[in-house]
Amino acid sequence: MSHDSSSPDFLQHHFHDVDQQYETAKLGMWAFILTEVLTFGGLFVAYTIYRSWYPEMFVGANLLLDVNKGLLNTVVLITSSLTMALAIWAIQKKNQKLSLLMLIATFVFAFMFLGIKYLEYSHKFEVGQLPGEYYSYMGPEIAHINNPHIFFSIYFIMTGLHGLHVAIGMGLIAWLIYSTAKGNLHSEYYTPMEMIGIFWHLVDLIWIYLFPLFYLI
Amino acid sequence: MSEHHITPLRTYLIIAGALFFLSGVTVWVSYFDFGPFNIVIAMGVASLKATLVALFFMHLLWDDKKNLTMFVMSLMFLAIFIIVTLLDTNFRGGVNSETEYPINKRAAFYDSLPLTDTHGHPVDEHGSDHHEGDEDHH
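Each protein sequence line maps, in turn, to chains A and B. Under this note's numbering, the residues of the first sequence are numbered 1 to 217, in order. Under this note's numbering, the residues of the second sequence are numbered 1001 to 1138, in order.
There could be a bad hint or two in this list.
To be verified - Taking lysine-lysine pairs in the DSS-like style, the calculated list, with each CA pair at most 25 Å apart, reads:
| # | chain 1 | residue 1 | chain 2 | residue 2 |
| --- | --- | --- | --- | --- |
| 1 | A | Lys69 | A | Lys124 |
| 2 | A | Lys94 | A | Lys26 |
| 3 | A | Lys117 | A | Lys69 |
| 4 | B | Lys1065 | A | Lys26 |
| 5 | A | Lys26 | B | Lys1066 |
| 6 | A | Lys182 | A | Lys94 |
Unchecked claim - Covered stretches of chain B (in silico footprint by chain A; criterion: 3 or more residues with CB under 8 Å from a CB of chain A, positions within the stretch not fixed):
| # | stretch |
| --- | --- |
| 7 | 1037-1051 |
| 8 | 1067-1078 |
It should be emphasised that the hints constitute simulated quantities derived from the structure, not laboratory data. Model, not experiment: these values are computed from the prediction. Ideal placement from N, C-alpha and C gives every residue a C-beta, glycine not left out.
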């Protein structure tokens, strides 16, 4: 920045200095992450309770999910997490072009994730593997499974809320792409990118648990 | 802002490689049956991956430790949430005796399948008809 280093234009007047502003933003972001963990926490509690009540239902019903699509989505999301981290790394290294490229890659991978999720969902809608009373799938796999509709209630609400977070994350990343392209974010001030990065990694982190819980065990 | 830690590129790539590797491992392991340890192994690998993401991608390793404290606190409260709820749900009937009924019978497939309990034994449909719409599963 060409401004006087003691008061750059991105420093809000109510902060003492740039570092205090950055640390405050980060603390606020982590407070938000805490509430996110507890939001998803309620659903993880629901999963745990139903699994402890009906373990056979979960062991049987996860065979109805496509492990390959789940693994592919895991790889896509980890890659997008990496590109997000590299976008921050690039902007710290004053390479705005690379940062922009990495943000666009993150956006594309997020879109891929939702695309694969759409394929999974639409298949389930077609065959009637739906939550609660909308469940109607009668294939041979469920002959020995009781209450698969409960499994799908938990599956849809957990992956649905996660998918909503991916969609919101895409909106935020799109805004980052715009800001970086306009030059509003640079190596001196990239706080929004760091914060949205933390949010994006949380989305990855939650999927890391959802994938084995629904697809594998 | 000059004192911000810049994680070397190599670190990011190694961590991403480890995450891909562990994803493969957890899928590979799921093809074997370790009985009750299936869930322990899957959650162990997931937690290892989550730790890597939190420490390196989320920069918690180099951050002010108040952020790490906050994150760990949220996990502690989640653990309390789970444990206290399980203390209730897993020991129902321990004090006052309770009878089990099948969950929500309104799902469409119940119309064509005989009702069974969680162990696959047939359930007397007429005997439990007056519980239609009963939301209490236990």
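Here's how the hints hold up against the structure:
1. Proximity of A:Lys69 to A:Lys124 is assessed by CA-CA distance (about 13 Å); at most 25 Å being required, the pair is judged to hold.
2. The hinted pair formed by A:Lys94 and A:Lys26 meets the criterion: a straight-line CA distance of about 21 Å does not exceed 25 Å.
3. Proximity of A:Lys117 to A:Lys69 is assessed by CA-CA distance (about 8 Å); at most 25 Å being required, the pair is judged to hold.
4. Simply put, B:Lys1065 and A:Lys26 have alpha-carbon atoms about 12 Å apart, close enough for the 25 Å limit, and the pair holds.
5. Under the criterion of a C-alpha separation no larger than 25 Å, the hint pairing A:Lys26 with B:Lys1066 is consistent with the structure, at around 10 Å.
6. Restraint check: the Cα-Cα separation between A:Lys182 and A:Lys94 comes to about 15 Å, which is no more than 25 Å; the hinted pair holds.
7. Evaluation of the coverage hint for the stretch 1037-1051 of chain B: fulfilled, as 8 residues show C-beta separations to chain A shorter than 8 Å, against a requirement of three.
8. With 8 residues bearing a CB less than 8 Å from a CB of chain A, the stretch 1067-1078 of chain B meets the requirement of three and the coverage assertion stands.
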